[in-house]
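Undergrad: Chain by chain, the residues run as shown.
Protein chains: 2
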Amino acid sequence: MLLPEGVFIDGRSGAVPNANERYVKPVTELRGLYRDAAAFDAYVAQNPAAVGYEVAGFRREGADIFFGTTTMYPGKIGDEYFMTRGHYHVRRDCGEAYYTQSGNGVLLLQTREGETREVEMAPGICAFIPPDWAHRSVNTGAEPLVFAWFCQTTAGHDYADILTHGMRRLAVDRDGKLAIVPNPGF
Amino acid sequence: MLLPEGVFIDGRSGAVPNANERYVKPVTELRGLYRDAAAFDAYVAQNPAAVGYEVAGFRREGADIFFGTTTMYPGKIGDEYFMTRGHYHVRRDCGEAYYTQSGNGVLLLQTREGETREVEMAPGICAFIPPDWAHRSVNTGAEPLVFAWFCQTTAGHDYADILTHGMRRLAVDRDGKLAIVPNPGF
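Chains as they are written, first to last, in numbering that gives the first Met the number 0: chain A, 0 to 185; chain B, 0 to 185.
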């Protein structure tokens, strides 16, 4: 029988002690996400063990709601801030909520038809992600960006489209300030 | 087209400025929830405008995930702390997550088959509510208890069972401390 449970979420560190799904994404595995390949190579040569982000999820067989945290470390490669791979959901009827707990960033979103939007990520803002909008989070601050996410257990992650084509817009540092610019490589 | 949105949640007050579903539940509408009818009558005579709790929801047509806050005011009627009505979901395959933002309380849960559980509500604890477990939150502290909830848009609320029969267990004050006791009236 599926039992109720209290799941502690540390909003500062993103730790979820009784998560049962976890992964750590080293920067070395994010080759191709950043436009500036030389800057990427220089970064990983200097920081071979750097972690881009990590994910902790509380998943229960038979539950419809799946939740957890993503903890994104601060950093930049070229003029691009550290970002997640970005994904659509496999189930096109499934959206998500990203509730920022600490840090600062921006959520980049796009549809298959070419619409784009951005939503600020800051403590207290819960980003509503409608079904079938690809989403990538970006840490634009100097501290870890931690958000709690809530979606359906069966939503599924489809990373292939964004890994292959990138996103239509980039979140870049322009003289120390965030700018959202068209992706010349899209 | 359904668009992404940043939804601010005030974890102290429970305010959600761009919520589009709201209700306020005055204590006067909660007659029958509390065992001690004389204490209830005395309370509402002295506090005719008292609010038990209020709910703010961000619902979008076409979205699968629905979220919002519940803000429960502190108080007691007889030895029972202020509580919500409690509900099952209409869709028996739908659970929920209750992520406490401030205050302290306890979540009472039960199945139709007679299982009961309690989950502590305190900042940082996200209560996992499995499908088809009735749930009632109770504010056991001196401050407002605020939690953010996340469920499917189509889960639906079924209040009738708990309003008619009550819950199997009560959260009561015993010499200033929370006690979970069998409900003699169940």
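A hint or two may mislead.
Identical chains share a label here; the pair holds if one copy fits it or two copies do between them.
[As the list claims (entries may be wrong)] Simulated crosslink set (SDA-like; lysine to any residue; CA at most 25 Å straight-line):
| # | residue 1 | residue 2 |
| --- | --- | --- |
| 1 | Lys176 | Gly56 |
| 2 | Lys176 | Phe7 |
| 3 | Lys75 | Ala141 |
| 4 | Lys176 | Leu1 |
| 5 | Lys176 | Glu4 |
| 6 | Lys176 | Val6 |
| 7 | Lys75 | Phe65 |
| 8 | Lys176 | Ala159 |
| 9 | Lys176 | Val50 |
| 10 | Lys176 | Thr152 |
| 11 | Lys176 | Arg58 |
| 12 | Lys75 | Arg90 |
| 13 | Lys24 | Asp174 |
| 14 | Lys75 | Leu1 |
| 15 | Lys176 | Gly5 |
| 16 | Lys176 | Glu112 |
Calculated directly from the structure, the hints in this document are not laboratory data.
Undergrad: Of the numbered hints stated previously, which ones are contradicted by the structure, given in increasing order?
TA: 1, 4, 7, 8, 10, 11, 12, 13, 14 and 16
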